[in-house]
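S.K.: Each chain is listed here by its residues.
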Amino acid sequence: MPNKFFHDFIVTKNIELNVSHFILELLCPEPLPKINPGQFVEIKVEHSPSTFLRRPFSIHEVNLQNNTIQLLIQKKGEGTRQLSYLKKGDRLNLIYPLGNSFQIVQHEKVLLVGGGCGVAPLLFLARILKENGNEIKILIGAKSKDDILEKEIFEKLGKVFITTEDGSEGTRGFVIHHGIWRQTPFMFSKIYTCGPEPMMKAVARLAQIHRVACEVSLEQTMACGLGACLCCVVNTKNGNVCTCTQGPVFLSEELTGWTH
Amino acid sequence: MANLTTQIHRLKLQNPVMTASGTFGYGEEFADFVDLNRLGAIIVKGTTSTEREGNPYPRMAETASGMLNSVGLQNKGIDYFIHDIWPRLKKYKIPFIVNVSGSTIEEYVETAEKLNSIEELPAIELNISCPNVKEGGMAFGTSCTAAAKVTKSVRDIYHKTLIVKLSPNVTDITEIARAVEGAGADAVSLINTLLGMAIDANSRKPVLSTITGGLSGPAIKPIALRMVWQVFQAIKIPVIGIGGIMNATDAIEFLLAGASAIEVGTANFIDPTITSKIIDGINDYCERNHFTSVKDLVGALIIPEQTVDMNIS
Numbered sequence: 001m002p003n004k005f006f007h008d009f010i011v012t013k014n015i016e017l018n019v020s021h022f023i024l025e026l027l028c029p030e031p032l033p034k035i036n037p038g039q040f041v042e043i044k045v046e047h048s049p050s051t052f053l054r055r056p057f058s059i060h061e062v063n064l065q066n067n068t069i070q071l072l073i074q075k076k077g078e079g080t081r082q083l084s085y086l087k088k089g090d091r092l093n094l095i096y097p098l099g100n101s102f103q104i105v106q107h108e109k110v111l112l113v114g115g116g117c118g119v120a121p122l123l124f125l126a127r128i129l130k131e132n133g134n135e136i137k138i139l140i141g142a143k144s145k146d147d148i149l150e151k152e153i154f155e156k157l158g159k160v161f162i163t164t165e166d167g168s169e170g171t172r173g174f175v176i177h178h179g180i181w182r183q184t185p186f187m188f189s190k191i192y193t194c195g196p197e198p199m200m201k202a203v204a205r206l207a208q209i210h211r212v213a214c215e216v217s218l219e220q221t222m223a224c225g226l227g228a229c230l231c232c233v234v235n236t237k238n239g240n241v242c243t244c245t246q247g248p249v250f251l252s253e254e255l256t257g258w259t260h
Numbered sequence: 001m002a003n004l005t006t007q008i009h010r011l012k013l014q015n016p017v018m019t020a021s022g023t024f025g026y027g028e029e030f031a032d033f034v035d036l037n038r039l040g041a042i043i044v045k046g047t048t049s050t051e052r053e054g055n056p057y058p059r060m061a062e063t064a065s066g067m068l069n070s071v072g073l074q075n076k077g078i079d080y081f082i083h084d085i086w087p088r089l090k091k092y093k094i095p096f097i098v099n100v101s102g103s104t105i106e107e108y109v110e111t112a113e114k115l116n117s118i119e120e121l122p123a124i125e126l127n128i129s130c131p132n133v134k135e136g137g138m139a140f141g142t143s144c145t146a147a148a149k150v151t152k153s154v155r156d157i158y159h160k161t162l163i164v165k166l167s168p169n170v171t172d173i174t175e176i177a178r179a180v181e182g183a184g185a186d187a188v189s190l191i192n193t194l195l196g197m198a199i200d201a202n203s204r205k206p207v208l209s210t211i212t213g214g215l216s217g218p219a220i221k222p223i224a225l226r227m228v229w230q231v232f233q234a235i236k237i238p239v240i241g242i243g244g245i246m247n248a249t250d251a252i253e254f255l256l257a258g259a260s261a262i263e264v265g266t267a268n269f270i271d272p273t274i275t276s277k278i279i280d281g282i283n284d285y286c287e288r289n290h291f292t293s294v295k296d297l298v299g300a301l302i303i304p305e306q307t308v309d310m311n312i313s
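Residue numbers (this note's numbering), protein chains in the order written: chain A, 1 to 260; chain B, 1 to 313.
Straight-line Cα separation of at most 25 Å, PhoX-like style, residue types lysine-lysine; simulated pairs:
{"id": "1", "chain 1": "B", "residue 1": "205", "chain 2": "A", "residue 2": "75"}
{"id": "2", "chain 1": "B", "residue 1": "205", "chain 2": "A", "residue 2": "76"}
{"id": "3", "chain 1": "B", "residue 1": "160", "chain 2": "B", "residue 2": "236"}
{"id": "4", "chain 1": "A", "residue 1": "4", "chain 2": "B", "residue 2": "90"}
{"id": "5", "chain 1": "A", "residue 1": "4", "chain 2": "B", "residue 2": "277"}
{"id": "6", "chain 1": "A", "residue 1": "4", "chain 2": "B", "residue 2": "93"}
{"id": "7", "chain 1": "A", "residue 1": "237", "chain 2": "B", "residue 2": "76"}
Keep in mind the hints are simulated off the structure, nothing from the lab.
Input sequences plus hints: build the corresponding full structure.
M.R.: Put into structure tokens, the structure is as follows:
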């Protein structure tokens, strides 16, 4: 039985979240295989001559009843701009599901930390964590109020805390400035994070100080997504490994230079 | 169904479609997408005598119709391949060809010697053209003397089909091709990547950790075709065509230019099923054009009478 698939999905929704972010809902023509939180897809972008390689995107949510997946995408360059034009009924070629996944704990208190578009893989994760009896808190960091993504949806799964760089909502500053890190005793037994690398590194150091495990979801420039081209490597305790097959989720302590 | 079988020296292939080293892993990575037993051969990732970490990230830059890479021969070494990977590959019925890389002649010889003793592995591809390592690699492929020397040293100890992979980063690739033919190569494969560079104007920094890297993809196809054509005229041993092959039509163009077989590289990253489609497409082309054997396409380029050949050699 194959674990990875290659075929066209059909766009069922394209939801604009704000000027630079949108969600694509994609219908799978065949029953969806087992997909785990943290996994990603590689998309072939059509009508974009400058986009030669596929583009990797985290799976934002999976709906087995409707047989759909959702991707939360930031308009960053030509490829993502083309994707933002997709309409209901358009086809999109995917290789999926790729990569490893977050480790799902049970009946624990966990903290999810997302920065900007880094909340993308955390929604699916939060739902599965909740289904496994965990108590979830979600810390979302954004530039300003308008850049906070999916807050209302996360609120259905756990308590949400906000930090904004301009102070327009929640605590002013970065996620690491939130009061949750100074609570004694520190109430969480596990941290999951995705966002800009400097943010994730800072979160990983705080996790280390509080002596809790921290799983990070990395974004590296990628070509094949299958562990063949060896382009997306990250340096770990076990040498250079492919983010696409041995990641994108890593324990922060495995990554060279992430903890002290 | 046309006869798609072809031959590279003593190596018989069920069809001319192989996978280029470093773009198809060990084949297993693509087993969910392609029936590996359909392929002509799989050329596995560049292998060195000892483990190599490769170059630091970032190792890749997307470019117009192509990509630059500077992986730098990351691999676990020949012993790991023989003991930990090869046993898993034995179940497939197609030839596996190991791309042998190195920094010194001794290193190439050591790796080739170990592969000589594994009966089921029928051929090696000697990589004297990797642009992404500091010592050796391309240095062997850009001088006739060095290319001949490393080929001869491996030839002396390696008794199966010896393919030498040539670098396009030279003034006249036919000279190198003749040199390795003279030193005992059974076939040549070309081209490896073209040395290139990418700059991020915003940060004013090079994109790659190594500043320069190897360009692949459809951007290099016209250069690859030209070199295959030139080399085909210059030597008697078989030529394997590589460089930006994205579909069956591209593959046929290489056969017409003189390639006895082809390698599909970067296209695997965009469509992991592409090798299978190219095999079908070559068969369709043969049937449509009444070629009973794919061998009849090799070098079958029609040069109109009034053509002025600028490549007098």
